[in-house]
Amino acid sequence: MAELRHSSSLGARATSSPMKRDGDSSPLIPDNDLSDDRHSPKDRDRPPCSHFHHLCSFFTDDPRVSLHNSKISIFLVSLLILAGVISVFTILNKLNSPYLCKKDGIVLHCPHVKESASLWENPYSSTTSWKPCAERRDGAISDLPHENETNGYIFIHAEGGLNQQRIAICNAVAVAKIMNATLILPVLKQDQIWKDQTKFEDIFDVDHFIDYLKDDVRIVRDIPEWFTDKAELFSSIRRTVKNIPKYAPAQFYIDNVLPRVKEKKIMALKPFVDRLGYDNVPSEINKLRCRVNYHALKFLPDIEQMSDLLASRMRNRTGNSNPYMALHLRFEKGMVGLSFCDFVGTRDEKAIMAEYRKKEWPRRYKNGSHLWQLALQKRKEGRCPLEPGEVAVILRAMGYTKETQIYVASGQVYGGQNRMAPLRNMFPNLVTKEELATKDELDGFRKHVTSLAALDFLVCLKSDVFVMTHGGNFAKLIIGARRYMGHRLKSIKPDKGLMSKSFGDPYMGWAPFVEDVIVTHQTRTGLPEETFPNYDLWENPLTPCMCRA
1 MAELRHSSSL GARATSSPMK RDGDSSPLIP DNDLSDDRHS PKDRDRPPCS HFHHLCSFFT
61 DDPRVSLHNS KISIFLVSLL ILAGVISVFT ILNKLNSPYL CKKDGIVLHC PHVKESASLW
121 ENPYSSTTSW KPCAERRDGA ISDLPHENET NGYIFIHAEG GLNQQRIAIC NAVAVAKIMN
181 ATLILPVLKQ DQIWKDQTKF EDIFDVDHFI DYLKDDVRIV RDIPEWFTDK AELFSSIRRT
241 VKNIPKYAPA QFYIDNVLPR VKEKKIMALK PFVDRLGYDN VPSEINKLRC RVNYHALKFL
301 PDIEQMSDLL ASRMRNRTGN SNPYMALHLR FEKGMVGLSF CDFVGTRDEK AIMAEYRKKE
361 WPRRYKNGSH LWQLALQKRK EGRCPLEPGE VAVILRAMGY TKETQIYVAS GQVYGGQNRM
421 APLRNMFPNL VTKEELATKD ELDGFRKHVT SLAALDFLVC LKSDVFVMTH GGNFAKLIIG
481 ARRYMGHRLK SIKPDKGLMS KSFGDPYMGW APFVEDVIVT HQTRTGLPEE TFPNYDLWEN
541 PLTPCMCRA
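In the UniProt record's numbering, the protein residues as written are 1 to 549.
Some clues are possibly wrong.
[To be verified] Think about it this way: if two alpha-carbon atoms lie no more than 30 Å apart in a straight line, the pair counts; the simulated DSBU-like pairs of lysine-lysine are: (1) Lys-447 to Lys-402; (2) Lys-189 to Lys-402; (3) Lys-230 to Lys-298; (4) Lys-246 to Lys-333; (5) Lys-189 to Lys-131; (6) Lys-402 to Lys-230.
[Said to hold, decoys possible] Each pair of labels, with its calculated beta carbon distance range: (7) Thr-438 to Ala-354: 37 to 45 Å; (8) Ser-283 to Gly-486: 18 to 26 Å; (9) Ser-125 to His-370: 46 to 54 Å; (10) Trp-372 to Ser-129: 45 to 53 Å; (11) Asn-320 to Glu-135: 30 to 38 Å; (12) Leu-82 to Asn-534: 55 to 63 Å; (13) Gly-486 to Glu-284: 22 to 30 Å; (14) Ser-283 to Leu-498: 56 to 64 Å; (15) Glu-225 to Asp-443: 36 to 44 Å; (16) Gly-84 to Leu-498: 32 to 40 Å; (17) Thr-438 to Pro-111: 17 to 25 Å; (18) Ala-83 to Lys-402: 34 to 42 Å; (19) Val-519 to Gly-411: 52 to 60 Å.
None of these hints come from the bench; they were simulated from the model. Being a predicted model, the structure only gives us computed values, none of them experimental. By construction, the Cβ of each residue, glycine as well, lies at the ideal position given by its N, Cα and C atoms.
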């Protein structure tokens, strides 16, 4: 019945004559062609095509018109066939395209991406508006009071790894300036994880440090001789300030710490990790912190020279001058465990990791029932370390090829060679300092773990492109320093939240994934970025430490 109704309605339309009210005119049909009572019977007997010649000419018996119409028909049919072929090819291509990359055992195969012009540096037009301006001003008059007029001495233990210690030293100089106190050269405290006995003078150039800051803060190498009970520092409550909140404002030190320093003459500040804020201190104090970080704290000459040698070898691995990438890969067992994120692995691996977390962080682990939901939430928010295989796919999507020279700064990767295989197979020119230097060359640095960390820091700092995979002091200090040196140096900070969403999408094809990666990371390459409340000075020194060019 449906087919019948459809046919009859078409027939009704075809046979019905055009209707027109008296006095009406049509913009499409001439008046003399309209069918009304004024037409003679002879007119009414004309065939329909006489009224619609432009439509019926395809069916005329005129051989000339028929030949012309045939050519048009062939042309239209050819266009339809071509469009059909293209459509079929596109559909087949999409059906056959892999879900991001094909996995062959532990090897990933990703399609190639065209290399962009700005792959190795930020656009010049975006990097010329700011210049560093935290350096010491030659010839400036010092505002330091006489040595006898100091408000007292402060002493700190710089805790943690090398980069956390570096931040603590910068903050100690700033706090000494705030209180007009003398700073005793900080002690690098042995850390439970790092287990290192390095002293300040084993890593940094002490003479340069003291001399460069002589117009800002008075710094002495040791506790004054007149203070005989040195063991009392850090062991006596009477000599230790312990109630300093995290990210404290400058006024807190003036109101709460300075009176005790004046009273006791020597005070230790403990703990001192992140004990000075950013946007709640004067801009000149923040500029001083940059002066310490970027100008006063210099590594010893042998560390600087070895890092130059490693960087030079990275740039000449192909026989010609080539750019290189530095990758800070944070996927050590401790980092994986502390993240409480879920990662690809066997059932046995997951069980072992669960026991490890239960042992190391029992309060967070509890009974483990809440951890799966927590892991999903953290991955969605981009708070999980990127796996080596995920890093490989992202870099390939950005356009980096298998010929890319990559320096890896990393501890022992959790999962060993199997976990590293996707990254190493996709980027075979991947090396560490142990592979780049001889054993004899590195032996002189092995007695201090922080010396080896300093080498990684400097080689990453000198790279053409730096890529971080997770947060931490190392990455943010590198990114901040490269911004301060000039925003031309590319420092890539992956959007882990968006990448997690893409990796988890079973319908995400390679082409849209590449587009997402490129568009998202156009502004995540260390370009100038205005500071904001509660910003991190070490990652973005723009406003307090840089000036308009």
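Here is how each hint holds up against the structure:
{"no.": "1", "hint": "Lys-447 to Lys-402", "result": "35 Å, violated"}
{"no.": "2", "hint": "Lys-189 to Lys-402", "result": "42 Å, violated"}
{"no.": "3", "hint": "Lys-230 to Lys-298", "result": "28 Å, holds"}
{"no.": "4", "hint": "Lys-246 to Lys-333", "result": "28 Å, holds"}
{"no.": "5", "hint": "Lys-189 to Lys-131", "result": "35 Å, violated"}
{"no.": "6", "hint": "Lys-402 to Lys-230", "result": "57 Å, violated"}
{"no.": "7", "hint": "Thr-438 to Ala-354: 37 to 45 Å", "result": "41 Å, holds"}
{"no.": "8", "hint": "Ser-283 to Gly-486: 18 to 26 Å", "result": "22 Å, holds"}
{"no.": "9", "hint": "Ser-125 to His-370: 46 to 54 Å", "result": "49 Å, holds"}
{"no.": "10", "hint": "Trp-372 to Ser-129: 45 to 53 Å", "result": "47 Å, holds"}
{"no.": "11", "hint": "Asn-320 to Glu-135: 30 to 38 Å", "result": "35 Å, holds"}
{"no.": "12", "hint": "Leu-82 to Asn-534: 55 to 63 Å", "result": "59 Å, holds"}
{"no.": "13", "hint": "Gly-486 to Glu-284: 22 to 30 Å", "result": "23 Å, holds"}
{"no.": "14", "hint": "Ser-283 to Leu-498: 56 to 64 Å", "result": "34 Å, violated"}
{"no.": "15", "hint": "Glu-225 to Asp-443: 36 to 44 Å", "result": "38 Å, holds"}
{"no.": "16", "hint": "Gly-84 to Leu-498: 32 to 40 Å", "result": "37 Å, holds"}
{"no.": "17", "hint": "Thr-438 to Pro-111: 17 to 25 Å", "result": "38 Å, violated"}
{"no.": "18", "hint": "Ala-83 to Lys-402: 34 to 42 Å", "result": "37 Å, holds"}
{"no.": "19", "hint": "Val-519 to Gly-411: 52 to 60 Å", "result": "33 Å, violated"}
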